[in-house]
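Going by full-length UniProt numbering, the first residue of the sequence shown is number 1, and it counts up by one from there.
FYI, nobody ran anything at the bench for these hints, they're computed from the structure. It is possible that part of the hints are untrue.
As the list claims (entries may be wrong) - If you anchor each label on the Cβ, the simulated ranges turn out as follows:
#1 PRO58 with GLY123: 38 to 46 Å
#2 LEU149 with ASP101: 40 to 48 Å
#3 GLU152 with SER64: 15 to 23 Å
#4 LYS122 with GLU152: 45 to 53 Å
No experiment lies behind these values; they were computed from the predicted model shown. Idealized CB from N, CA, C, for every residue including glycine.
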Amino acid sequence: MFKIGEYVVYGHNGVCQVTEIGPLKTVTKDEGKLYYTLIPYGVKGSTVFAPVDSQKLPLRRILSREEALALIDEMQEIAVLGITEERKREETYKNALKTCDCKKLVSLIKTIYQRKQEREAKGKRLTAADSRYFRTAEHALYDELAAALETESEKIRDYIIEKIGN
């Protein structure tokens with residue numbers, strides 16, 4: 001069970017801070033069931049409720065500071081996603097995002113970045129779907145790293161570039 005004040009990753013909601021643990025204050029069929037009250041990282045005025053015993057969406061602690069720094073150090077070695085069939089590209093992207101796994105997010109970002117460079121070399125732009133998945137993956141990864149390193153999400157990209165020298 002998580003504690004009040006802890007940061008967690010909750011599915012597509014991304015990084016959230018646990019602000020309360022208890023039953024919902026509204027009348028529901030699950031009366032008495034415990035929920036986490038979560039505030040999404042960097043989003044003002046938004047609240048998410050997650051069942052303490054939820055099996056549907058992944059709910060986990062964010063990376064520790066040491067894990068975040070180790071991930072940044074190994075980013076260059078993390079492989080791109082192996083997409084062998086073009087028609088399965090979006091499904092592969094979705095599956096990588098659903099895991100809420102930072103290494104998969106790095107793979108996804110690197111895959112789309114590589115695709116962007118290839119398309120630009122041919123005089124083409126990145127597709128709307130690629131752009132959307134790229135932004136979503138960056139947002140999820142940078143928010144988690146920012147929370148772990150106790151900094152702002154906007155500073156993470158530059159920090160990563162500085163650390164890995166790209």
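Hint-by-hint comparison with the structure:
1. At about 40 Å, the beta-carbon gap between PRO58 and GLY123 stays in the expected band of 38 to 46 Å.
2. As the Cβ distance of LEU149 to ASP101 is approximately 18 Å, the hint placing it in 40 to 48 Å is violated.
3. Checked against the given bound of 15 to 23 Å, the beta carbons of GLU152 and SER64, roughly 19 Å apart, stay inside it.
4. Range check, LYS122 to GLU152: Cβ separation about 36 Å, and the 45 to 53 Å hint is violated.
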